[in-house]
Amino acid sequence: MVGSYKPELIVNGKRLDGRMPADLRNITIEVGVVKNAVGSAYIEWGNNKIIAGVYGPKEALPKHVQDPERAIIKCRYAMSPFSSLEEHGRTGPNRRSVEISKVTKEVFENVVLLDRFPGAEIDIFIDVLQADGGTRAAGITAAAVALAASGIPMKDVPFAASVGKVGDTLILDLNKVEDNYSDADMPVAISPRTGDILLLQMDGNLTKEEVKTGIGMIQKAGEHISRLQREALKAPYERILEKYKK
Amino acid sequence: MQIRAVTEDYIKDLLTNGIREDGRDPAEYRKIVIKPGVIPNAEGSAQVTIGNTKVLVGVKIGIGSPMHDKPEDGNIITSAELLPVASPHYETGPPSPEAIELARVIDRGIRAANMVDTKSLFIEAEKVWEVYTDIYVINYDGNLFDAGTLAAVTALSTARMPKYESEKVIREGNLEKFKVNNLVTSCTFAKISGSILLDPDGNEESCMDGRLTITNDQNAVRAMQKGLLGAFSAKELENLMDITFDKSKEFRRLVNEAAGK
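Quick mapping for you: the protein sequence lines, in order, are chains A and B.
Take the first sequence: its letters are residues 559 to 804, numbered as in the numbering used here.
Take the second sequence: its letters are residues -19 to 241, numbered as in the numbering used here.
Just chain A, same shape as in the assembly (with noise of 0.2 Å):
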């Protein structure tokens, strides 16, 4: 929470940037933006620019994280000094960043089937380059279409999304005004084939009404987000495609 100045953050029932509730922002994903990778994604939601990659399967370093049943996931969230408005950042992990990458590394276990690659580490690097809100969910969404266009086999492709609350007004796909001022923030990450919650954390104030509304809003708005991450999944082969009607 910034100050005691708390801006109006809902005006004749429209959110600051003229959404409604239950809008999302804009989301665009492309694939295949760093060539170096396995795969990778570029999201931008919102105000939001990810870069998600992934490398490997590839031996496990050192060895004693090996796992000789399956894989092991290494997840690697990071904001640029630059992303934000306000002050230059620092640097190098902290205890923000690295809870991010434990929750957003628990996400993917348990979608990729680990199994297939006993002894190797899989790397998923979610870089922020410009943070507006809701960089979590963005970068667990982009890191998920990274993934698979990985090849890696996985069981689902997840997304994320986060829920707020002002007032008495649930809203979705906070933004960073949003975020500061808002009286409850709620990410949640599902895999959508079997609807299960990989990731769920919540900081605020909530009725029990409202956590389970605000996750069927987040259940609603993954219609649209899986669509999204499918359209970009096919969208280089789809240019191929086109390209050879010609």
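Honestly, the hints are just simulated from the structure, not real lab data.
Careful: at least some of the hints might be erroneous.
Cβ-Cβ distance ranges computed for the label pairs, FRET-style [as the list claims (entries may be wrong)]:
{"no.": "1", "chain 1": "A", "residue 1": "Asp761", "chain 2": "B", "residue 2": "Ala200", "range": "51 to 59 Å"}
{"no.": "2", "chain 1": "B", "residue 1": "Arg233", "chain 2": "A", "residue 2": "Asp726", "range": "52 to 60 Å"}
{"no.": "3", "chain 1": "A", "residue 1": "Gln777", "chain 2": "B", "residue 2": "Ile43", "range": "42 to 50 Å"}
{"no.": "4", "chain 1": "A", "residue 1": "Asp761", "chain 2": "B", "residue 2": "Asp5", "range": "53 to 61 Å"}
In this text, all values refer to a predicted model and were calculated from it rather than measured experimentally.
Yeah, the Cβ is synthetic: ideal placement off N, Cα and C, and Gly gets one too.
Take the given structure of chain A and dock chain B to it, following the hints.
Below, chain B without anything else, positioned relative to chain A:
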């Protein structure tokens, strides 16, 4: 590292016949694209691609205290991060010697050419502007020095200058442009078993014996850095400076175009 040995043999084999892997002339660049303003939250930014090399620079300007030996000068802080996503050979952790060298060489060019007048960054006693230039390597395929310099110079040339009013930094609204006085660019050469190649790509860099970066403005050489083991003769250096001055005209045109000048 069997694969590396094969690549090295292949590159060197081709070079004995005067051929580069991608068919370029020895003094030919890959395609260069400069995109300014890609990170609107930063005061200045630019993405530069040279072939498959992709570098992003963000400039943030904030308030800090001056160095003790220069109490009336603002600070310029240049750093480089070789993101682990950019190459299978990059690792997480503190900056590697390669990243530090990259940042320092780019920083030297910018400083030596007085691109930024540090005296103009003075606000009041113990309070000066700090200009952070962060070089983010997103995909590595050789020649980070030239890509980094182009991106840094473009980001600085297109940056906006925050205002300092009643103890507060104002970063939005009607702001003046950040003032730059000069423009530097660089040319990097690789020496591979006797051949000298401009703009080495990742495979060429993996087997180069020596590397030379020459940074210049319109009139003078402003910085140089030789890297790795290989040596260059005085005659070669002379020749490479000629190439650098020639190529830099096109670079200045590209930067000015990106900066809308």
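Structure-based check of all given hints:
no. : hint                             : in the structure
1   : A:Asp761 to B:Ala200: 51 to 59 Å : holds, 57 Å
2   : B:Arg233 to A:Asp726: 52 to 60 Å : holds, 58 Å
3   : A:Gln777 to B:Ile43: 42 to 50 Å  : holds, 45 Å
4   : A:Asp761 to B:Asp5: 53 to 61 Å   : holds, 59 Å
Violated hints: none; the structure is consistent with every hint.
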